[in-house]
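**Q** Chain by chain, the residues:
2 protein chains.
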Amino acid sequence: MRYVLLVAYDGTNYGGWQIQKNAITVQEKLTEALKETLGSRVTVTASGRTDSGVHAAAQVCHFDAETAIPPEKFADALNFRLPDDISVLKSAYAPEGFDATASAKKKTYCYRVYLSPRRNPLKDRYGVHFKYPLDMSKLAEAGKMFEGEHDFKAFCAAGSQVKTTVRTVYGIEFKETVRALGKDLEIYVTGNGFLYNMVRTLVGTMLYYAAGRLTKQALVRSLEECDRNAVGKTMPENGLTLESVDYGLKLF
Amino acid sequence: MRYVLLVAYDGTNYGGWQIQKNAITVQEKLTEALKETLGSRVTVTASGRTDSGVHAAAQVCHFDAETAIPPEKFADALNFRLPDDISVLKSAYAPEGFDATASAKKKTYCYRVYLSPRRNPLKDRYGVHFKYPLDMSKLAEAGKMFEGEHDFKAFCAAGSQVKTTVRTVYGIEFKETVRALGKDLEIYVTGNGFLYNMVRTLVGTMLYYAAGRLTKQALVRSLEECDRNAVGKTMPENGLTLESVDYGLKLF
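Chains P and D are the protein sequences, given in the same order.
Per the numbering used here, the first sequence runs over residues 107 to 358.
Per the numbering used here, the second sequence runs over residues 107 to 358.
Here chain P stands alone, though its shape is the one from the complex:
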C-alpha cells in the first residue's frame, strides 16, 4: 500500500529535505523514524526538495509499505520517534496512482519579511529584517510582472541541472500587517514548480525594486533577456516556508 503524510518542520537545523552526505536532513529523520516503525527501510518521497534552512508548514510525502498499522496511526507512531522540530500532522492511504512529486499541481511558498528600523529577535526565526522603506505599489507591479509563464533562468542558482528553466507562476500575493514599530509583510508565491533559489531571488528582486534599488529596466531584462545581473539579492533561507501543495484532490 502507498501512504501519504502531511509534515511540518522547522528547517533551521537541517540541510534541507533531501538526504545528503554532509548534513542532517528531514528526509533522513523521516526515513529513520519509518524504519523503526516498520522494521525495514522504505523510501519516502516528497512533493519536492526544500533547501537548507527552509521551513515547511505542510510538506506532502509518500512511502510504500506492507503493514498492519492503520494509516491514520502513522502520524503519532512517527512523531513518537521524530525530533521536536519535525511533526507529522496527518497520515492516510494515498489515492490510486498518487505520487507526491509527480501528482503535485501547484505549490505555494511564503516569504516573510519585517520592516522596522532595527532587528527584532522574535521575528528572526521565520522572517527576515528589511530596513529599506518599500513602495507597495511598485511591489504589486513587480508581482504582476512575474506572474505567468516565463523563462526564470536569471532567478536560478548557478550549477543546478534542470531540463528547462521555464516555469509558470500562478500568482503572487502580498499580505501586510501594521505593527507598533513597523510592519510585517508576507509574500505568497504560487507556481507549478520552482527552480533552485528561485523564490528567494524573485522576492529579493521585488523587494529591491520596491525599495528603489533596482530599475524597472532591470526587471524587464531579468525576465526577457534572462540577465542574471539584473536580479536582486537572493534573500536568506530562514524567511522561506513551503505553505501548501495542491494536488487537486482531498488527501486527508
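Note that these hints are calculated values from the structure, not bench results.
Computed from a predicted structure; not experimentally measured.
By construction, the Cβ of each residue, glycine as well, lies at the ideal position given by its N, Cα and C atoms.
There may be inaccurate statements among the hints.
[As the list claims (entries may be wrong)] So, partial list: chain D residues that the calculated Cβ filter (under 10 Å) puts toward chain P: (1) Ala114; (2) Tyr115; (3) Arg155; (4) Ser158; (5) Gly159; (6) Ala163; (7) Asp190; (8) Asp191; (9) Ile192; (10) Ser193; (11) Ser222; (12) Arg224; (13) Asn226; (14) Tyr232; (15) Leu287; (16) Thr347.
With chain P held as given, fit chain D onto it using these hints.
**A** Only chain D this time, still in chain P's reference frame:
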C-alpha cells in the same frame, strides 16, 4: 542623565531578566553591553522581571550615565555588542522623574496557544500546543471572572515573597485565528502587576475550565478562598511574551 531603552528578546536561552548566579540572563547581557559601550558598569533596571524562558516584545528599562553618546544612538551601539536574541528597538532620554519599575502603570502579557490534533514545530517556539477542544464562551466567562481587583494568592508560585498578593487585572482579551489544521489563540492579560507565575497559572486555569476539566466552583474557590488546589496547570514559559508596558506617557 537617565536613559530609557525599549528592548525585545527571545527568552528561550535565558534564565529570565534578572541577574543570578546559575543562569545567563538578559539583564546580564545588557549590563555587559552597556559596560563595553560606556567604559564603566551601570545598573540597568527593567519594568519588572520576566521569568526564565519568557519572551519580551517591548520590555522597558532605564540606566543612569554621564556620557557624550546621543541618546538615540544607544540602540545601535548596544545592538552591536548584544547577542542576536536581544535587540534594543529604541533609546531615548528618560522623562523627568522616570523609573522603569516604579513608573509602570500597566503591563500587558500575551500567552499564545495553538489548538490542533498534533504538535506543530513552527508554532512551538512562541506558543504552546493545547490538544483539548475549547468552549470559547466558557473561556470568555473565565476571563471576566478574573478581571478586577482580587487576591491572586492561589495563582502565585510557592516561595515568592511579596507584601501583598492583591493585584488588579484591567482586562483579559482573546484573539482567535482559524487556520487550516486548527486555530491559534492569543490571550492578552493587562494588569497593574503580576505575581510570580500568575499569568501562566491564570491562563492554565481559564483553558482547563474552557476544556471542561475544571468546574466553575473551582474557579470561584481559587479567587474567593485562594484555594491553590482549585487552579489549573501552570502553562509552560515559552508561550508567554511581555507585550507592552504602559507608563501613561510617550517615551520614544
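**Q** Take the hints in turn and mark each one as holding or not.
**A** Going down the list of hints, with the structure as the test:
A cut of 10 Å between beta carbons decides the hint on Ala114/D: the least distance to chain P is about 5 Å, and the hint holds. The interface hint given for Tyr115/D is met, as the beta carbon of that residue sits about 6 Å from the closest beta carbon of chain P, less than 10 Å. Of the supplied interface hints, the one on Arg155/D is violated, with its beta-carbon coming no nearer than about 18 Å to a beta-carbon of chain P, more than 10 Å. At about 16 Å, the closest approach between the beta carbon of Ser158/D and any beta carbon in chain P exceeds 10 Å, and the interface hint on this residue is violated.
Among the interface hints, the one on Gly159/D is violated; its C-beta lies about 13 Å from the nearest C-beta in chain P, farther than the 10 Å criterion. The beta carbon of Ala163/D is positioned within 10 Å of a beta carbon in chain P (closest approach about 6 Å), and the interface hint is therefore held. Interface hint status for Asp190/D: upheld, as the beta-carbon distance to the closest one in chain P is roughly 6 Å, under 10 Å. Because the closest C-beta pair between Asp191/D and chain P is about 5 Å apart, less than 10 Å, the hint holds.
For Ile192/D, the suggested interface contact is upheld, since its CB lies about 6 Å from the closest CB of chain P, less than 10 Å. For Ser193/D, the suggested interface contact is upheld, since its CB lies about 5 Å from the closest CB of chain P, less than 10 Å. Because the smallest distance between the Cβ of Ser222/D and any Cβ of chain P comes to about 8 Å, under 10 Å, the interface hint for this residue holds. Nearest Cβ of chain P to the Cβ of Arg224/D: about 5 Å, under the 10 Å cut. The hint holds.
Interface restraint check: Asn226/D against chain P, minimum CB-CB distance 5 Å, threshold 10 Å, status holds. Nearest Cβ of chain P to the Cβ of Tyr232/D: about 7 Å, under the 10 Å cut. The hint holds. At a threshold of 10 Å, the smallest CB-CB gap from Leu287/D to chain P is about 6 Å, leaving the interface hint in force. Against a cut-off of 10 Å between C-beta atoms, the interface hint on Thr347/D holds, since the closest Cβ of chain P lies about 7 Å away.
Violated hints, in rising order: 3, 4, 5; the structure is consistent with all others.
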